[in-house]
Amino acid sequence: MHVTYNDKADARSGPRLFNRIAVLRAERGLSRNTLADALDINYQTVGYIERGDFKPSLELAFRISEYFGLPIEAIFSRHPFRPLSEEVYGKRSPGSSR
Amino acid sequence: MVHRGNRRALVALTYIAFLSIMVTLILLLPPGRHQINAVWICMVLAYNVVSRLVFGKLVSDTVLPQPRVKLSTLGLAAGQHHREDDLDEREIAVRDAAYFRAYQVLAVYSIVVWFISPLTFELTASTALRVFQFLTLPLVAIALTLPQAIVLCCEPDVPEEAMVR
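These protein sequences, in sequence, are chains A and B. Under this note's numbering, the first residue of the first sequence carries the number 10, and numbering increases by one thereafter. Under this note's numbering, the first residue of the second sequence carries the number 30, and numbering increases by one thereafter.
Treat the hints with care, as some may be off.
What the hints assert, rightly or not - Computed Cβ-Cβ distance ranges for the label pairs, DEER-style: (1) A:Ser-40 with B:Leu-82: 50 to 60 Å; (2) B:Ala-38 with A:Val-32: 49 to 59 Å; (3) A:Phe-71 with B:Ala-38: 35 to 45 Å; (4) B:Asp-115 with A:Glu-82: 49 to 59 Å; (5) B:Ser-139 with A:Asn-42: 38 to 48 Å; (6) B:Ala-38 with A:Leu-79: 43 to 53 Å; (7) B:Gln-133 with A:Ala-31: 46 to 56 Å; (8) B:Asp-115 with A:Tyr-76: 20 to 30 Å.
Unchecked claim - Looking from chain A toward chain B, a few residues come up when the C-beta cut is under 10 Å (computed): (9) Pro-24; (10) Leu-26; (11) Gly-38; (12) Ala-47; (13) Asp-49; (14) Asn-51; (15) Thr-54; (16) Tyr-57; (17) Arg-60; (18) Asp-62; (19) Phe-63; (20) Ser-66; (21) Glu-68; (22) Leu-69; (23) Ile-84; (24) His-88.
These aren't lab readings, by the way, just hints derived from the structure by calculation. Cβ coordinates follow ideal geometry from the N, Cα and C atoms, glycine included.
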């Protein structure tokens, strides 16, 4: 959790935390409001977390993971996620077919 | 959410208007008890008009809910502000960052006033009093409202697509 209102401090706030919340939400047809109500947070906070503008606490990260029923590392990562299609079907060159 | 450029303009205009009112009161009222009343009027205006109606409404539309406080206490009484369980963790982080930044600004301003105050020793007593009031009254204006102004000035714009709930 980090808000500084100071550009230099923001630069020092460490690496970005990537997440798949937007994908999971879209996949399950959940609105930001629904997810926010379930997690007991402001719907805008959901947007901030999705965009990577706000790093949730460990406690909130666990609540999100429990809500989606997925391990925490399936939702949050310190490195960019590969697209789900690539993970499921493997990497293919553009235009290639089975 | 109002765009940050507009929020900053609103903050600047509000402070210019409010400081103009304060300067006018200082210049028009004779020194003494009337000016103490003027300072009180400014504090009531700062809290109830600037903080609650102008900044507070906008802040509550952006990131923080409006605290439920009594008008007469200027929000300075203990236990009237948000309890931690009224806010989520991002709102708490935003509030704390804004209060910390406001504290820094007020501390720097107070130190600057302290260092330049010897310049008034050469002036006559009444002129020195006026100068001192001009320098310190902005503290009245900003002390009650600065955290909200900082939130309005610094909170980033939310992308259009993120406005959909």
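Verification of the hints:
Separation of Ser-40 (chain A) from Leu-82 (chain B) is about 31 Å and departs from the stated range, judged on CB atoms against 50 to 60 Å. For the hinted restraint 49 to 59 Å between Ala-38 (chain B) and Val-32 (chain A), the CB-CB distance of approximately 37 Å leaves it violated. Take Phe-71 (chain A) and Ala-38 (chain B): their Cβ atoms lie about 41 Å apart, and the range 35 to 45 Å holds. Between Asp-115 (chain B) and Glu-82 (chain A) the beta carbons are some 32 Å apart, a value that contradicts the proposed interval 49 to 59 Å.
Evaluation of the 38 to 48 Å hint for Ser-139 (chain B) and Asn-42 (chain A) yields a pass: the beta carbon distance comes to about 44 Å. A beta carbon spacing of about 44 Å between Ala-38 (chain B) and Leu-79 (chain A) agrees with the range 43 to 53 Å that was offered as a hint. At roughly 35 Å, the beta carbons of Gln-133 (chain B) and Ala-31 (chain A) sit outside the given window of 46 to 56 Å. Asp-115 (chain B) and Tyr-76 (chain A) have their C-beta atoms about 22 Å apart, which keeps the hinted 20 to 30 Å range intact.
Evaluation of the Pro-24 (chain A) hint against chain B yields a violated restraint, the C-beta minimum of about 18 Å exceeding 10 Å. Here the hint on Leu-26 (chain A) is broken, as its CB sits about 14 Å from the closest CB of chain B, past 10 Å. Hint status for Gly-38 (chain A) relative to chain B: violated, with the closest Cβ pair at about 14 Å, above 10 Å. Of the supplied interface hints, the one on Ala-47 (chain A) is violated, with its beta-carbon coming no nearer than about 13 Å to a beta-carbon of chain B, more than 10 Å.
Of the supplied interface hints, the one on Asp-49 (chain A) holds, with its beta-carbon coming within about 7 Å of a beta-carbon of chain B, less than 10 Å. Taking 10 Å as the C-beta contact cut-off toward chain B, the hint placing Asn-51 (chain A) at the interface holds, the least distance being around 5 Å. Hint on Thr-54 (chain A) holds. Least Cβ distance to chain B is approximately 4 Å, under the 10 Å limit. Checking Tyr-57 (chain A) against chain B: minimum C-beta separation of about 6 Å stays under 10 Å; hint holds.
For Arg-60 (chain A), the interface hint holds, since its Cβ comes within 10 Å of a Cβ in chain B; the closest pair sits about 7 Å apart. The closest approach between the C-beta of Asp-62 (chain A) and any C-beta of chain B is roughly 7 Å, which is under the 10 Å cut-off, so the hint is satisfied. The closest approach between the C-beta of Phe-63 (chain A) and any C-beta of chain B is roughly 5 Å, which is under the 10 Å cut-off, so the hint is satisfied. Taken as an interface hint, Ser-66 (chain A) checks out: its beta carbon lies about 5 Å from the nearest beta carbon of chain B, inside 10 Å.
Taken as an interface hint, Glu-68 (chain A) checks out: its beta carbon lies about 8 Å from the nearest beta carbon of chain B, inside 10 Å. Here the hint on Leu-69 (chain A) is kept, as its CB sits about 6 Å from the closest CB of chain B, short of 10 Å. Hint status for Ile-84 (chain A): violated, given a least beta-carbon distance of 17 Å to chain B, over 10 Å. The interface hint given for His-88 (chain A) is violated, since its Cβ lies 23 Å from the closest Cβ of chain B, which is over the 10 Å cut-off.
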